[in-house]
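Novice: Heads up: the protein sequence lines correspond to chains C and X, in order.
With the first sequence counted from 1, adding 209 to any position gets you the numbering used here.
With the second sequence counted from 1, adding 234 to any position gets you the numbering used here.
Hints are computed from structural coordinates only; laboratory data are not their basis.
Heads up, the beta-carbon is just placed ideally off N, CA and C, and yes, glycines get one too.
Any given hint might turn out to be false.
With the C-beta cut set under 7 angstroms, the calculated list includes, among others, these residues of chain X facing chain C [claimed, not checked]:
| # | residue |
| --- | --- |
| 1 | 310 |
| 2 | 314 |
| 3 | 326 |
| 4 | 328 |
| 5 | 339 |
| 6 | 359 |
| 7 | 360 |
| 8 | 364 |
| 9 | 383 |
| 10 | 417 |
| 11 | 476 |
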Amino acid sequence: MATDYTPGELMVAAAAREIYDGEVVFVGMRLPLLAFCVAKELHAPAAYGLFESGVIRDRAAPVMPYTMCDPPNIAGAAACTPMATVMSLLQRGDVDLGFIGGAETDRYGNLNTSYIGNPEHPTVKLPGSGGAADIACLARRLVVIMPHERRRFRERVDYVTSPGFGEGAGWRERTGVVGGGPSALITTLGVFEFDSSTRKAVLRSIHPHTTVAHLREETGGILEIPDQGPVTAEPTTDELSIIRRYDPTGFWTGAQ
Amino acid sequence: MSKLMTMHDAISQLVPSGVSVVMGTGLEGLIPFAAGHEMIRQHKRDLTLMGPISDILFDQLIGAGCAERVVAAWVGNVSAGLGHCYRRAVERGEPRPIEVYDHSNFTFSLALQAAAQGVPYLPTRTALGTDLLKTNPGLSVISSPYDDAPLVAVEAVEPDVAFIPVQRADDEGGAHCWGALGVTPEACLASRTVVLVAEEIVDHEVIVSDPNRVLTPPFRVAAVVHEPLGSHPSPVQGHYGRDHAFYEEYHLASRTPEGFERWLDEWVMSVDERSGYLEKLGPERLAALRSGTRRLAAEVDYGY
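Produce the entire structure from the sequences given, and follow the hints as far as they go.
Specialist: Structure below.
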């Protein structure tokens with residue numbers, strides 16, 4: 210076990226463990242991309258990474274790109290296709306896992322990255338979906354990574370950019386949303402999973418160095434936080450050495 | 235017949251105020267900044283900006299007051315955060331109100347594919363259960379005629395003009411493009427007028443030596459603009475990398491309307507054309523975006 214790591218590094222290690230060998234993964238940038246690097250080197254050497262620009266990689270890029278179109282992410286790619294190819298794979302059910310982030314969420318894992326407030330007169334205009342709505346609708350499993358702050362945990366999100374389990378059990382089936390929905394929510398304070406009958410987020414593990422009181426305060430009462438629960442496994446020295454090789458200055462994982 | 239034009243003439247002749255323009259079809263690479271900046275200099279107004287994502291180019295056009303509508307999946311600054319001009323326009327109507335049609339990347343691609351195929355819409359399973367259905371009149375839920383499954387009918391989007399950066403083109407519109415293509419193939423077929431922005435102009439024989447790499451049928455191309463470094467600060471594979479610092483500098487400068495005006499004056503309004511912009515950047519900064527390492531693909535034999 211390592212003793213000295215940042216919350217960002219802990220989240221990357223937790224995200225990497227969501228990737229299984231041989232899976233086709235819609236990766237995304239930042240922390241999920243680092244998680245893909247870790248998984249490829251440690252326990253998922255046969256995984257493929259897909260990017261919505263159309264890039265498909267069977268190995269991590271030699272340097273951590275800022276965007277999926279940075280030249281190092283294209284050179285040596287397994288394939289460079291149009292977006293239509295990777296979105297077709299997603300829609301036909303060939304993508305096992307997708308990662309996305311969110312500005313705010315609710316107990317059913319619905320995510321908003323579009324408008325804070327009324328979309329007609331928003332107080333904040335966020336950038337929008339990008340490919341997030343597609344990944345949330347269509348990937349067989351969805352893992353959400355976001356900061357854990359009280360203002361981000363809402364009774365209802367103001368706008369559903371990327372659906373989780375909608376209004377609860379049976380909603381995805383009724384609505385025709387064919388992907389499997391969120392399987393994990395990894396935050397700066399803990400890891401949540403979604404109850405198979407109620408579809409509500411429930412705590413899987415609390416991060417080390419986090420108190421139950423703090424977790425409750427930042428969750429704002431929309432989720433029940435038990436008095437005791439498992440603690441998220443700390444990043445191993447192997448995981449940390451890979452993360453730090455790809456992120457030597459802590460640019461991505463230093464201050465989460 | 236040569237289709238070569240200067241960027242100035244392409245914008246003045248092919249982009250009247252009020253038209254729709256698709257840009258950024260390669261996502262974070264191959265963004266036609268030189269074209270967008272010329273639209274700003276020529277004071278184009280009431281444009282509809284179309285694209286899957288826009289990594290700061292739409293933010294600049296919105297801040298300059300050129301846009302009345304955005305049809306896109308994402309507008310902001312990919313490495314630095316939110317788009318400040320986009321926020322001011324949507325939240326406060328400054329410098330003018332804009333209308334937003336919210337897409338996802340996939341629905342935007344499908345909207346172009348529908349136009350490319352000449353059909354009014356294409357069905358998909360994405361976007362069901364999202365609020366995109368409420369803020370985009372071009373997304374409607376229908377029922378499959380074959381199995382009654384709910385689907386989203388994505389209305390065709392037919393841009394008036396497309397600006398498509400490519401590594402090399404001949405003067406007739408044959409072009410080779412490589413790297414992440416994003417929605418570029420469908421954008422080239424969907425748009426009424428296609429303008430290529432080429433890093434390099436090459437002989438026709440170079441293009442036909444590798445027909446599998448040709449981006450779109452040359453007869454679909456209306457004009458070819460030779461504009462080296464025309465996509466800076468976005469990357470062009472084999473030519474230059476992404477100037478990350480430029481995005482960060484823009485992000486900081488555009489936090490306030492005054493800061494944005496100063497940025498716009500310095501980088502767009504007070505330079506006559508792209509060469510002035512490149513002079514301002516300076517040879518050292520540009521050289522640093524290119525490692526010098528070539529990575530050539532294996533040869534392809536078309537012999538018979």
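Novice: Against each hint, give a clear statement of whether it holds in the structure.
Specialist: Hint check results:
Annotation: interface hint on residue 310 of chain X holds; nearest CB of chain C at approximately 4 angstroms, less than 7 angstroms. The beta carbon of residue 314 of chain X is not positioned within 7 angstroms of any beta carbon in chain C (closest approach about 10 angstroms), and the interface hint is therefore violated. A cut of 7 angstroms between beta carbons decides the hint on residue 326 of chain X: the least distance to chain C is about 10 angstroms, and the hint is violated. Hint on residue 328 of chain X is violated. Least Cβ distance to chain C is approximately 12 angstroms, over the 7 angstroms limit.
Look at residue 339 of chain X: its Cβ gets to within about 4 angstroms of chain C, closer than 7 angstroms, so that hint holds up. Using the Cβ-Cβ criterion of 7 angstroms, the hint placing residue 359 of chain X at the interface with chain C is satisfied: the shortest such distance is roughly 5 angstroms. Because the closest C-beta pair between residue 360 of chain X and chain C is about 5 angstroms apart, less than 7 angstroms, the hint holds. Nearest Cβ of chain C to the Cβ of residue 364 of chain X: about 5 angstroms, under the 7 angstroms cut. The hint holds.
Checking residue 383 of chain X against chain C: minimum C-beta separation of about 6 angstroms stays under 7 angstroms; hint holds. At about 5 angstroms, the closest approach between the beta carbon of residue 417 of chain X and any beta carbon in chain C falls short of 7 angstroms, and the interface hint on this residue holds. For residue 476 of chain X, the interface hint holds, since its Cβ comes within 7 angstroms of a Cβ in chain C; the closest pair sits about 5 angstroms apart.
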